[in-house]
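Colleague: The lines below spell out each chain.
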Amino acid sequence: MVEETPWQQALRYANRANPYPFYEELRKTPVSRQPDGTFVVSTYREIVALLHDPRVSSDPRKCPVPAGAQAQGSGESVAEPIREVLTEPNIITCDPPEHDRDRRMMMPHFVGPPHAPQLICDLEPEIRRIVGGLLDDMKGKTRIDAVDDFAYPLPVTVICKVLGVPLEDERRFHHWIETALDALDFGPEAASEEIRSRQAGARQAVQEFGQFAADLLDRYARQPGPGMLSALVNEDGPEGRMSKGVLASNALLLIFAGHETTVNLIAHSVLTLLRHPDALEKLRRRPELIVPGVEELLRLESSVQFWHTRSAVEDIDIAGTTIPKGAPIFLAYGSANRDPERFTDPDELDLERRDNQHLGFSQGIHFCFGAPLARLEVQIAVGEFVRRVQNPRLVEDPPPYRHNQIFRGPRHVLVDIDGIRD
Amino acid sequence: MTLRATVAELVREFRASGRIVIVGASLAGLRAAETLREEGFTGSLTIIGDEPYEPYDRPPLSKQVLKGWVPADHTKLPRMREVDADWRLGVAATGLDRATKRVRLADGEQVPYDRLLIATGTRARQWPNPTEAALQGVHTIRSRDDAEQLQKALAESPSRVVVIGAGFIGSEVASVCRELGIPVTVVERGSAPLVGALGGVIGEIAAQMQRDHGVDLRCGLGVSSLEGDSGGHVRRAHLSDGTAVDADVVVASLGSIRNVEWLEGSGLAAGFWGVGCDAGGRVFDINGVVTDSIYVAGDVARAPHVLYEYQFLAMEHWDNAVFGAEVAAHNMVNLEPHYHPHLLLPGFWSGQFGVNIKSVGVPPFGDEIVFTQGSVQERRFAAAYGHRGRIVAAVTFDHGKWLEYYGKLIERSGPFPPPPPGWDQPPDMKPMPAEFPDPRVPTAVPDVVLTGHAPSERTAEFRPRRH
Ligand SMILES: Cc1cc2nc3c(=O)[nH]c(=O)nc-3n(C[C@H](O)[C@H](O)[C@H](O)COP(=O)(O)OP(=O)(O)OC[C@H]3O[C@@H](n4cnc5c(N)ncnc54)[C@H](O)[C@@H]3O)c2cc1C
Chain A
4 MVEETPWQQA LRYANRANPY PFYEELRKTP VSRQPDGTFV VSTYREIVAL LHDPRVSSDP
64 RKCPVPAGAQ AQGSGESVAE PIREVLTEPN IITCDPPEHD RDRRMMMPHF VGPPHAPQLI
124 CDLEPEIRRI VGGLLDDMKG KTRIDAVDDF AYPLPVTVIC KVLGVPLEDE RRFHHWIETA
184 LDALDFGPEA ASEEIRSRQA GARQAVQEFG QFAADLLDRY ARQPGPGMLS ALVNEDGPEG
244 RMSKGVLASN ALLLIFAGHE TTVNLIAHSV LTLLRHPDAL EKLRRRPELI VPGVEELLRL
304 ESSVQFWHTR SAVEDIDIAG TTIPKGAPIF LAYGSANRDP ERFTDPDELD LERRDNQHLG
364 FSQGIHFCFG APLARLEVQI AVGEFVRRVQ NPRLVEDPPP YRHNQIFRGP RHVLVDIDGI
424 RD
Chain B
8 MTLRATVAEL VREFRASGRI VIVGASLAGL RAAETLREEG FTGSLTIIGD EPYEPYDRPP
68 LSKQVLKGWV PADHTKLPRM REVDADWRLG VAATGLDRAT KRVRLADGEQ VPYDRLLIAT
128 GTRARQWPNP TEAALQGVHT IRSRDDAEQL QKALAESPSR VVVIGAGFIG SEVASVCREL
188 GIPVTVVERG SAPLVGALGG VIGEIAAQMQ RDHGVDLRCG LGVSSLEGDS GGHVRRAHLS
248 DGTAVDADVV VASLGSIRNV EWLEGSGLAA GFWGVGCDAG GRVFDINGVV TDSIYVAGDV
308 ARAPHVLYEY QFLAMEHWDN AVFGAEVAAH NMVNLEPHYH PHLLLPGFWS GQFGVNIKSV
368 GVPPFGDEIV FTQGSVQERR FAAAYGHRGR IVAAVTFDHG KWLEYYGKLI ERSGPFPPPP
428 PGWDQPPDMK PMPAEFPDPR VPTAVPDVVL TGHAPSERTA EFRPRRH
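Chain order of the listed sequences is A and B. For the record, in the first sequence the residue sitting at position 82 is 85 according to this note's numbering, with numbers rising by one throughout. For the record, in the second sequence the residue sitting at position 315 is 322 according to this note's numbering, with numbers rising by one throughout.
Careful, some of the hints might be misleading.
As the list claims (entries may be wrong) - Below, computed lysine-lysine pairings styled on DSS-like, alpha-carbon distance capped at 25 Å:
(1) Lys159(B) / Lys65(A)
(2) Lys70(B) / Lys159(B)
(3) Lys247(A) / Lys65(A)
(4) Lys70(B) / Lys415(B)
(5) Lys31(A) / Lys415(B)
(6) Lys83(B) / Lys108(B)
(7) Lys408(B) / Lys328(A)
(8) Lys159(B) / Lys328(A)
(9) Lys437(B) / Lys408(B)
(10) Lys70(B) / Lys83(B)
(11) Lys65(A) / Lys164(A)
(12) Lys415(B) / Lys328(A)
(13) Lys247(A) / Lys31(A)
(14) Lys83(B) / Lys159(B)
(15) Lys74(B) / Lys159(B)
To be verified - Heads up, incomplete: computed chain B residues facing chain A, CB under 10 Å, no partners named:
(16) Arg218
(17) Asp405
(18) Lys408
(19) Trp409
(20) Glu411
(21) Tyr412
(22) Tyr413
(23) Gly414
These are calculated hints, taken from the structure and not from any lab test. A quick note: this is a predicted structure, and the numbers were derived from the prediction, not measured. Backbone N, C-alpha and C define an ideal beta-carbon position, used for all residues, glycine too.
Based on the provided sequences and hints, a complete structural model is requested.
Modeller: If you want it as structure tokens, here you go:
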């Protein structure tokens with residue numbers, strides 16, 4: 004058997020809880036070519052350079068060798084089933100000028116001042132209410148699951164409200180998302196029978212999810228309702244309206260992203276703080292540290308560990324390597340955020356870290372659209388957890404992880420507690 | 008004690024109980040003070056400012072303040088940390104005695120220093136005819152008070168505003184007028200707005216942008232005189248082509264003058280272009296010898312820049328004031344080899360006519376320009392400036408996210424034209440002359456100036472004195 008590269012090892016399920024030693028190895032070659040032809044970029048400087056490089060495309064349609072193709076051994080990309088269904092691009096899978104135009108159209112309905120400067124702050128009382136309710140529900144318990152009981156319900160409720168997706172449908176799309184994610188594997192295990200068999204399920208799940216979004220948009224076209232999706236369907240900006248297909252694709256993206264990444268971030272934040280009782284205590288004493296603290300947690304356990312739709316549309320010389328035109332590029336944010344060239348003691352948790360320009364939300368034109376919302380949610384959730392949960396203790400370390408590598412997060416985080424303060 | 012130990016002891020002592028004086032209580036002055044404390048300086052710190060206000064931010068003055076969104080007194084600069092200084096506000100420094108190491112103040116007091124930071128910035132160039140400049144309704148804009156007065160004047164819905172000079176500030180004022188629905192005439196001696204800073208090719212786009220927004224733009228013309236009514240209020244501007252424009256408000260945005268007069272007789276290399284210093288902010292004397300105790304930062308500084316053939320750069324940019332101040336402050340309390348250089352890649356932003364204009368590098372150093380991304384027609388684009396086959400600057404219109412990329416190329420002396428982007432390429436990617444005005448032709452003075460001389464252009468004759 005050929006020896007596995009550090010990247011392949013990092014992607015193995017067995018290493019999900021702690022891929023960081025492999026990233027460390029990986030960073031010795033900032034831009035490394037993988038056996039399947041993918042170029043993995045693992046160092047902070049190089050990733051930042053590529054995030055700002057107009058020769059790097061985010062549009063999978065422009066990449067002749069789809070990422071992860073040979074991991075399958077079939078020439079078919081691991082992302083293929085999803086791509087087949089999602090034919091229309093959304094803002095993370097297209098380039099300017101389409102990207103800029105679509106993002107511009109979406110912005111005013113989200114945070115784009117001067118159009119909706121209040122939208123996010125106005126959600127604060129609602130977020131506090133939800134978080135408060137979740138913690139109240141834990142009263143009387145001695146053991147909780149920080150994922151199911153806490154991290155998961157909040158972002159889901161919030162994103163449904165922001166977008167105008169009926170909360171009753173949550174079970175259904177949660178299932179579709181899980182099914183699709185479980186089949187998306189970029190590591191050596193992608194070729195396994197198990198993953199392959201999941202792919203058919205993924206195809207169907209994305210199909211149904213797409214239909215769900217299309218139906219919802221149709222409903223809003225007939226009768227406008229609350230939230231961003233209805234606004235996008237019905238309101239014309241100076242640049243007109245998005246096509247139905249593009250809108251549906253973006254709706255999927257927003258439901259998905261608004262829901263997946265924040266869960267992992269809250270779960271990881273709780274997990275990390277429980278591993279560092281001194282930091283937890285400090286945060287309890289100085290609640291104002293929650294703002295830099297969340298940035299630090301985001302750096303340490305970035306919600307999105309890497310991104311897979313980028314490719315070179317010209318030859319790019321970087322770090323002594325030429326990424327040839329057409330090659331897929333994986334940007335390993337999870338590794339960059341622990342690059343010792345950029346962050347001193349990168350594996351340490353420092354709630355007061357200065358100059359913390361982490362890549363937890365990426366950078367450049369694809370900088371996370373939902374970042375302001377995610378920040379607020381996590382700040383409130385983690386802040387309240389720290390304030391109200393009495394004597395929390397981690398039951399199992401490491402906890403079981405979810406399968407997906409991009410959206411890496413614990414499936415459950417069991418915590419023993421003494422009680423809930425008011 | 009060894010010499011090295013003695014020196015180390017002196018540095019420690021200076022940090023603990025030295026006396027530092029900062030003249031100029033604005034952006035550079037404040038950031039320097041904060042950095043000094045950050046670096047562990049616990050000695051006495053005196054900050055002298057001729058304005059009566061605590062440090063405030065100027066970029067909003069010609070934007071949010073004029074529009075009436077933000078009151079002029081709400082522009083106070085945020086403090087990054089406690090500076091624990093003796094603030095002497097509302098009193099100007101009038102002189103510098105280097106022999107006794109004292110700063111003379113307008114109220115007759117003298118403040119002694121061990122180390123001095125000059126951060127006196129620039130002031131607005133006034134309309135040259137003093138009688139006309141004194142007419143009511145004639146404005147310049149540099150300070151909080153200026154902005155407050157002009158904002159009031161605009162809020163009274165004047166029948167027309169005349170803006171003299173279409174540099175960044177003049178263009179921003181014109182933009183605000185249009186946003187407020189006020190008719191505005193812009194008179195610019197150069198061929199287009201922003202030509203001094205960005206050249207004629209971009210100037211043409213800026214001109215079109217102004218016209219599209221209903222600005223009455225008159226280029227290649229000057230204002231020859233201002234006419235007032237019997238009440239002493241300005242009513243008309245006479246132009247150099249013999250025509251006249253009726254207006255109740257005139258804004259002279261004619262560039263700036265460096266506040267160096269108080270340094271006269273000090274023997275420092277201070278003059279029209281500012282105070283000369285090395286890349287570490289240490290001021291030169293008139294013979295080009297570096298001083299040990301005097302530093303300079305911000306708009307009033309000019310320093311050689313490695314990326315621009317070591318020409319002296321004077322930059323009237325916010326970033327430059329912040330980083331220059333940090334570097335100067337660091338060097339004030341450290342010794343060689345721990346000095347930091349101020350090697351900032353110049354950068355600037357401006358908001359006008361709904362477009363966010365940003366530049367990086369020194370555009371006037373370039374002689375060619377090429378559009379590299381986006382669409383000029385939609386006014387969302389990036390363009391690069393080149394000089395002898397390398398990229399030296401870039402400008403973006405609503406494309407600021409790409410600036411970082413161009414900045415990196417410039418820092419590495421990347422090739423010009425730069426590598427073509429993979430997508431979003433403009434239809435025409437041929438380099439063309441950037442069309443900067445001949446520096447000898449008077450026009451709105453750009454806010455980054457190269458003030459060095461190429462050896463081949465030496466104009467002074469060097470005659471060493473014989474004893
Ligand atoms: C209206 C306006 C809009 C701007 N917009 C932008 C923009 O969009 N982007 C950008 O990058 N830059 C912009 N700038 C430029 C930016 O504000 C300056 O680069 C920055 O303020 C420079 O800081 P400084 O501390 O060097 O000088 P200043 O801010 O000029 O401060 C110097 C201070 O020293 C005081 N002083 C002068 N002489 C004496 C003396 N003898 N004794 C005591 N005190 C003295 C002055 O009164 C002043 O308070 C703008 C400037 C103006 C005026």
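Colleague: Each hint: holds or not?
Modeller: Evaluated hints:
Of the supplied pair hints, the one linking Lys159(B) and Lys65(A) is violated, its CA atoms being roughly 55 Å apart against a limit of 25 Å. About 14 Å separates the Cα atoms of Lys70(B) and Lys159(B), which keeps this hinted pair within 25 Å; it holds. A threshold of 25 Å between alpha carbons decides the hint, and for Lys247(A) with Lys65(A) the separation of about 22 Å falls inside it, so the pair holds. In summary, the hint linking Lys70(B) to Lys415(B) is not supported, as the alpha carbons are separated by about 29 Å, beyond the 25 Å threshold.
At roughly 23 Å between alpha-carbon atoms, Lys31(A) and Lys415(B) fall within 25 Å of each other, so this suggested pair holds. Taking the CA atoms of Lys83(B) and Lys108(B), the gap is near 31 Å; set against the 25 Å cutoff, the hint is violated. Distance hint between Lys408(B) and Lys328(A) is fulfilled; the C-alpha atoms sit about 23 Å from each other, no more than 25 Å. Between Lys159(B) and Lys328(A), the direct Cα distance comes to roughly 57 Å. Violation of the 25 Å bound is thereby established for this hinted pair.
Taken as a hint, the Lys437(B) and Lys408(B) pair is honoured in the structure, with Cα atoms around 23 Å apart against an allowance of 25 Å. Our distance criterion of 25 Å between C-alpha atoms is met by Lys70(B) and Lys83(B), whose separation comes to about 15 Å. Note on Lys65(A) and Lys164(A): the hinted pairing is violated, with a Cα-Cα distance of about 35 Å set against a maximum of 25 Å. A distance of roughly 21 Å separates the Cα atoms of Lys415(B) and Lys328(A); the hinted pair therefore holds under the 25 Å criterion.
Straight-line distance between C-alpha atoms of Lys247(A) and Lys31(A) comes to about 46 Å, which puts the hinted pair past the 25 Å bound. Distance restraint check for Lys83(B) and Lys159(B): the Cα-Cα separation of roughly 20 Å lies within the 25 Å cut-off, and the hinted pair is therefore satisfied. For a cut-off of 25 Å, the pair hint linking Lys74(B) to Lys159(B) stands: about 10 Å separates their Cα positions. Hint status for Arg218(B) relative to chain A: violated, with the closest Cβ pair at about 19 Å, above 10 Å.
Nearest Cβ of chain A to the Cβ of Asp405(B): about 9 Å, under the 10 Å cut. The hint holds. At its closest, the beta carbon of Lys408(B) sits 5 Å from a beta carbon of chain A; the interface hint therefore holds under the 10 Å criterion. At its closest, the beta carbon of Trp409(B) sits 6 Å from a beta carbon of chain A; the interface hint therefore holds under the 10 Å criterion. The interface hint given for Glu411(B) is met, as the beta carbon of that residue sits about 4 Å from the closest beta carbon of chain A, less than 10 Å.
With its C-beta approaching chain A no nearer than about 4 Å, Tyr412(B) sits inside the 10 Å limit, and its interface hint holds. Evaluation of the Tyr413(B) hint against chain A yields a held restraint, the C-beta minimum of about 9 Å falling below 10 Å. Below 10 Å, beta-carbon pairs count as interface contacts, and Gly414(B) has one with chain A at about 9 Å; its hint therefore holds.
Comparing the model with each numbered hint stated earlier shows that hints 1, 4, 6, 8, 11, 13, 16 do not hold.
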